[in-house]
Structure formats: C-alpha cells, structure tokens
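Enquirer: Read off the chains here:
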Amino acid sequence: MISGAEIMVKCLEAEGVNVVFGYPGAAICPFYDKLYNSSIKHVLVREEQNAAHAASGYARCSDRPGVCVATSGPGATNLITGIATAYTDSIPIIAITGQVRSDLLGRDVFQEADITGACEPFVKHSYLVNKTEDLPRVFKEAFHIASTGRKGPVLIDIPIDIQENEIEEFVYPDEVNIIGYKPNTKGHAIQVKRALETIKSSKRPVIVAGGGVLSSGIKPKFQLFADKTKIPVISTMMGIGVMPSDHEMYLGMLGTHGRAVANRALHEADVVIVCGARLGDRAVASPHQMSENTTVIHIDIDPAEIGKNVKTEIPIVGDMKNVLNALLDGIGDYEVLPEWNATVKEWKKELHKEPPTFDGYVEPRTLVSHLSAMFRSKAILVADVGQNQIWCANNFRIREGRFLTTGGMGTMGYSIPAAVGAKFARPKRDVIVICGDGSFQMSMNELATIAGNNLGIKIIIMRNSRLGMVRELQDKHYGKRHSATILEGDPDFLKIAEAYGIDHAEAHSNEEAEKIIQGIVKSDKPFILVCDVYPDTPSI
Amino acid sequence: MQYTLSILVENQAGVLSKISGLFSRRGFNIDSLAVGVTNNPAVSRITIVANGDEYVVEQLEKQLNKLIPVIKVKRLDGDFISRELILIKVHCTASKRSEIIQTAEIMNAKIVDAAQSCVTIEFCECTNRINTLIDLLKPYGIREIVRTGTIAVDRGNTALCV
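Protein chains in written order, with the working numbering: chain A, 337 to 876; chain B, -12 to 149.
Since the hints were made in silico from the structure, they are not lab data. There may be inaccurate statements among the hints.
[Stated by the list, open to error] Each pair of labels, with its calculated beta carbon distance range: (1) A/LEU440 to B/ASN144: 46 to 56 angstroms; (2) A/THR679 to B/ALA0: 50 to 60 angstroms; (3) A/LYS467 to B/ARG84: 19 to 29 angstroms; (4) A/PRO519 to B/ASP66: 49 to 59 angstroms; (5) B/ARG142 to A/TYR670: 23 to 33 angstroms; (6) A/LYS816 to B/VAL43: 32 to 42 angstroms; (7) A/LYS518 to B/GLY128: 53 to 63 angstroms; (8) A/LEU380 to B/ALA0: 51 to 61 angstroms; (9) B/VAL43 to A/ASP470: 28 to 38 angstroms.
If you're wondering where the values come from, they're calculated on a predicted model, not measured in any experiment. Yeah, the Cβ is synthetic: ideal placement off N, Cα and C, and Gly gets one too.
With the hints as constraints, model all of the structure from the sequences given.
Expert: Here it is as structure tokens:
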C-alpha cells in the first residue's frame, strides 16, 4: 500500500525534480512528512509568494518546470501573485497546494480557500484532485502542460485526505493523452515560404525577439540566423539575452522604456519578424510605432498572440525551434542590403549618450554597464521592477548569461527569490540581483533563505529613498505631486545585512562601487552592496 | 454582431466556469448559454450566443481553444438550425381564453397548463419566432417567462464531433 503523499513525492522524483521551494502548513503536512526522507531538497522560503518566484527563477535557468509548495488557505492565496507572474511571463512552474479534507470542501473550515477558483485567470491549467488514484496522471499531465506549448504555471490542489489515503501501488504513466491539448509546434509550410519570400524581398527588415526565443532553447540557432542574414535584432524585455548586448546586429530593447535606436529601427522597418513575443503595450504602445506599410511576420507557439496586439500579415504558429530551422533551411545566401545596416549603425552612434554623474552618488546606468565585465561571462543578472529594471534592461552588457526579470507582470520583489531559484538551478554561475530600495523591502525576508543555504548571491541595492518609477510618472503626469513615493522610515540596510550575517558594504561613487564588487566576485558567499543613487536619476 | 459558438468540452467539473470566466473577465456579456452531454458521455457541448466585433470573436475562439478541457470550438456562421425552449405564463380570463389559444395555434405553440386566471404556453423555436410570440402575448399580460439557452447545429452532412 502507498499513500497519496508518498505518491506525490514519487511523481516529483519521476519528473526528475531535485529541488522544491515551499512553506509547510497543516493541510500539506502528509506531503512534507514523506518529503523528509526523500532525495528532493526542500528550500524553505519565508513567504509563499517567494516560493513561486524562486520556482520561476529555477525554471528559467534550468529549462524545466520549477516546483513550489504551500499549504491551504492563506498559504495558497499568498502564492497567487507568484503564479500570476509566471503566467504573464510564460514560465513553467508547478504549484502544489494542500487543501482541507475533501468532505469538508465548501464549509469554510479553518484555512480553506478555493484556490483553483481564485487562480483560474492566471494558470495554464489547474487540478483539484479528488481521488488518490488520480495523482500520477495529474502530475504527469501537469508537468507536460506546464513545459510544452506556451509554457506556464499549473496548479495542483490536493485535499489532505487524498494525501493520506492509500492505494495498492504506484504506477507513473509513460505518456499523457489530453484530448483538448495538442499544441502545434511545426510552422505551416506555406506561411514559412511566404515569410522567406517577404524577407528576401525586404529592404529594411528587423527581428523582434521575445522570451519565446529563450524558452524554446534556440539561442545559438537564432544568433546564427541573425549572423547569416545580417538582419538587425531588437528584443523585448523578456527577450534580453537572445544575443550578446555587444553583438553588432543587436540594437537593444524596444518600447516605452527602450533604446531610441531600437524604436527608430522598428519604425523605419519595412518588414518586422516577431519571434516569440506578444508585443504588449510596453513594447509597442500604439500601432503607430510601426509604419503603416510594415509587413509583420509573427512567429509564436500561441495562436492567440498572433494578431492580438499588432496587425499581422504572415502568421506562423509553431515552436521557434522548428520554425527557425525551417527559415534557416530556406533562407539561402540572402543578406540584408548593407545600406540598411550602415544606417542603423549610424543611429546607434548618434543616439547614444553617456549619463551624467553626481558627486557622492553612484550612477546606476554606468555601474550596470560595467557589471558584466567584472563577473564571469555566464553570469545571471536578476533585475527587480522599477527604475532599476530599466537601468538593467538597457545597460547590462549580457554575454553568455541570462537576464531575468518579470517583463510581463512587473511584480516588485521578484529579484531576490528569483535569484534564489536561479542559484539552485545554476550553483556554479554568478548570480547578481539588482533592486531598488523599494523592491528590496518587498522580499528582504528571503535574506534568511539566502543566508540559511549560504547562496553566493550578490545583491546590489540602488538606494534613492524613492519609489523612483512612480515618482517619475508623477513628475511627468501628476504635477510633481509626490504622493506616497518618498520612502520614509527605511531601515539601515547594512544593519539588516549584518543581522542576517551577510557581508555588506556601501558605495557613494562608481569607483567605490566597482572596487567593492571586484573584491567580492570570486567569493561564494552572499553579499549586499548598497549604492546611493541621485534621486532625480531618470529611468532612461 | 451576434455570433453563435459551439464548443465541445471534456465533461468534468469546473469547465463551465473556466469558459464563462473567459467572457466575464474581458467584460463581455453572454446572451445565452446551453450545456448538455453529447452522444459521447465524456464530452459535453456548450452553445454560447454573444455579441462582439470580429476581433473579439476571433480572440475568444483562440482563448477558448487554449483551455485544456476544450476539445473543439466552432463558430456557426453559415446555414444552421437554432432552437430555444420557452415557457410563458399568460394572464388569461375566460373571455380571452379562445383568443390566446388561437394565437398559440397560429404560432404552433402548445398550451401545457391552464388555471383559473392564466395559461402556460410551451414553444420551441428560433429566437426570432419566440420573440414574435412574446410580442403577440404581451397585450394579455405576461406573468412569467422561462427561457433556455439557444442550442444550434449546422445544416447538412457536416457534424461537429471529437
């Protein structure tokens, strides 16, 4: 005989899971009891939302679903923001929640919440398991759904009696058969042909690369395509890292907070090849950002994204991997007209400006642009949300590493827990967090997770004692009335670091900051660097 | 633009709320909805009638297709048969009874119950003809109306199945 809880652990093992992020509670206790003696490492976070963010960071760096666990009621509802973040950013995570006894469902007993109902709009799929026998199938399907097609979070809600009940034996299914879920991964041959013809006859083509390029694991092929065709590449925020920032074909991030050269190239382009991006409002605020005669080729695994935000002439529904291979096969020796590249390069030079510095302060954009060279080439930078996100997106010179941030949902407090996940996925890589003093305080409780597991994450706090992004908005649109954007009562972050036993320092100039960083890059211990930033430093 | 969607779904708990949620969270109202099991007991068919422009309908079709328990989505836009069932309780004094019975007969509706001061009429037809009957009965005083959602099927040989 085998209990549901033991089956849950065995299912995770069968899926190759070796780390889960979570927070226990009464309704998930049977599972935690079986986890105790398993090969799976459990990382105890300090608040459930961060378990979901950690799972997201883990998933993005390991290319397999991240797993987070919480108890029923408040544990489950605390997960929601993390699940919603993973949904908007299309990150595969499995959220496992305990639930009250199935015969008590709907009676509002202690710590009961309808979590499958509450998460409905932002899960790819969810299960409320009502038979122990169903657990193996549900887990198999959940991992399959989360990690195929357009990736996303899947929630499995399991009442405590389902975890306790015993069944005869555990058999993990070899395959899944979900009648309504068969994502189309191969691009339509006729559309691919049309796309090739359009690219070949284009004069000023650009590629817009999104998170889909990264999640399909096609980065090298993608770079090959850009190298071969010499088509300039723009990325969305989720697409940062599709190629090295210093690559000659790369123009940077587009959008309201993007690089001028990227937006200009997009506006002047006659053919735009959108690869695995949904072009949300922060990327293309209005259709006028593109010229009326622009031909849009949109490649995406999710048919619902095509034509949703921009008018598309050539839709290609499929996995980037397959479509890109087909494009590479058919592109021949086509290369962009050299005039177009020369023009773009000219703009790149013309539109670049060095940010000014202020005495006694660190210039964050300059610091971020020097950061990559100080760490190893595969470093993972995790940016939070706010001005710090834009500073990082536009200035981090990514090489072979990753840039993690929540581009879709924009959840403050993402960076620290996501870095925890990233570090567990890639323990040998440098993991750097950049956050503001606002976002730091949203998840600084996770310093305990970092200290407790001695994770060598380097945290750089850009302290301006402001909620800088909102303040900028108030400057522009609300008559400079700084309603609730001055962070009064901030603690001494160095003392906070000390309280957690984490090494720390403070910097008031770029030279000072860089010197401190150079001193810690080789250490595998966590570190917190607090940089004082001039409060009026703009995002761009 | 009014449109009719036929949706085949896995017959399991929570599917209807997933589908109605897709409409409600975009701020769209559903005009009519009908659910019933098909010849395959594992599969239910949902018929939804709603309003929206081409962009909205296309988005909804795509989003519906993304739901895991949704097997097929079809917009019925050609030649199709649609029916709904209505029960109308009409105020009816002895002096008006024959008039009302006659009206029902003209429309091919059936009187299914009669009481001292009212009759109940059953009518199964397309939305337009049902509305006509309601209009005809209004002058007598309608006491109660119960209406099912529309169900619809394509004419001819084509069949929507798994």
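Enquirer: Hints first: check each against the structure and report whether it holds.
Expert: Results for each hint:
no.	hint	in the structure
1	A/LEU440 to B/ASN144: 46 to 56 angstroms	holds, 51 angstroms
2	A/THR679 to B/ALA0: 50 to 60 angstroms	holds, 59 angstroms
3	A/LYS467 to B/ARG84: 19 to 29 angstroms	violated, 57 angstroms
4	A/PRO519 to B/ASP66: 49 to 59 angstroms	violated, 32 angstroms
5	B/ARG142 to A/TYR670: 23 to 33 angstroms	violated, 49 angstroms
6	A/LYS816 to B/VAL43: 32 to 42 angstroms	holds, 40 angstroms
7	A/LYS518 to B/GLY128: 53 to 63 angstroms	holds, 55 angstroms
8	A/LEU380 to B/ALA0: 51 to 61 angstroms	violated, 33 angstroms
9	B/VAL43 to A/ASP470: 28 to 38 angstroms	holds, 36 angstroms
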